[in-house]
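**Q** Sequence:
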Amino acid sequence: YLQLKNYPEAGRYFERFLRIMHESHQGYNNMGIVLFHSDKYAEAIQHYKRAIALYVNYPEPHLNLGNAYRQMRRMDEAIRYYKRTLELAPHFEQTRQALAKLYLDLGDLDKAEAAYTSALSLAPGSALVHCAMGEMYRRRESHGRARSYFRRALEIDPSIADGHDGSGDLAR
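In terms of my numbering, the sequence shown opens at residue 259 and continues consecutively.
Simulated from the structure, these hints should not be mistaken for laboratory data.
Do not rely on the hints blindly, as some may be mistaken.
What the hints assert, rightly or not - Pairwise CB distance ranges, derived in the manner of DEER restraints: (1) Q304 x G365: 46 to 56 Å; (2) A372 x E335: 17 to 27 Å; (3) D334 x K298: 33 to 43 Å; (4) H349 x K263: 24 to 34 Å; (5) G402 x H280: 48 to 58 Å; (6) D415 x E273: 30 to 40 Å.
Said to hold, decoys possible - List of simulated lysine to aspartate or glutamate pairs, EDC-like, C-alpha gap at most 16 Å: (7) K359 x E371; (8) K298 x D334; (9) K307 x E281; (10) K307 x E351; (11) K298 x E281; (12) K369 x D334; (13) K298 x E351; (14) K341 x E351.
Beta carbons: idealized from backbone N, C-alpha and C, even for Gly.
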């Protein structure tokens, strides 16, 4: 149900599951995901923290905590959990993207660039990362570099222009 994004049904399943398997770190993390997608961030955080208490080196709930804190506009805590995720799983390209996007939104373009560059080194074929790099360079008013990243994103995935403002225009 979770993979199908049927969150109400997934929630019912994980509630039953956790009654039986109350020491399942994956169960708590998955229930947190359900709650997150139901906009119940505070409850999601409690489930992610329970997952971590059961298995401290499990990286996914750290990443998910970062996402939940970000939704709650608690940026320092989001950054802390994103960094903790990277300590546990340096290969998590999606964590580097999340951290870079947060820095970009905060206007810290230097940190955003470093995080996006790192994400790109892990996923050189990611159209999303190329598009994000293009956006970051557009904000830096480095339009030539922005265009080159947008072009590369379009080469990797031509449909990306439909979902990202400006990428198609700047790539021309």
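**Q** Hint by hint, say whether it matches the structure.
**A** Each hint, compared with the structure:
1. Q304 x G365: 46 to 56 Å: With Cβ atoms ~31 Å apart, the hint is violated.
2. A372 x E335: 17 to 27 Å: At 20 Å between Cβs, range holds.
3. D334 x K298: 33 to 43 Å: violated, 22 Å
4. H349 x K263: 24 to 34 Å: holds, 25 Å
5. G402 x H280: 48 to 58 Å: holds, 56 Å
6. D415 x E273: 30 to 40 Å: 38 Å Cβ-Cβ, so the 30 to 40 Å window holds.
7. K359 x E371: Holds, because 10 Å separates the two Cα atoms, which is no more than 16 Å.
8. K298 x D334: violated, 20 Å
9. K307 x E281: holds, 13 Å
10. K307 x E351: violated, 22 Å
11. K298 x E281: With Cα atoms ~22 Å apart, K298 and E281 exceed 16 Å; violated.
12. K369 x D334: With Cα atoms ~14 Å apart, K369 and D334 stay inside 16 Å; holds.
13. K298 x E351: Status violated; Cα separation ~26 Å.
14. K341 x E351: holds, 12 Å
When each numbered hint is compared with the structure, violations occur for hints 1, 3, 8, 10, 11 and 13.
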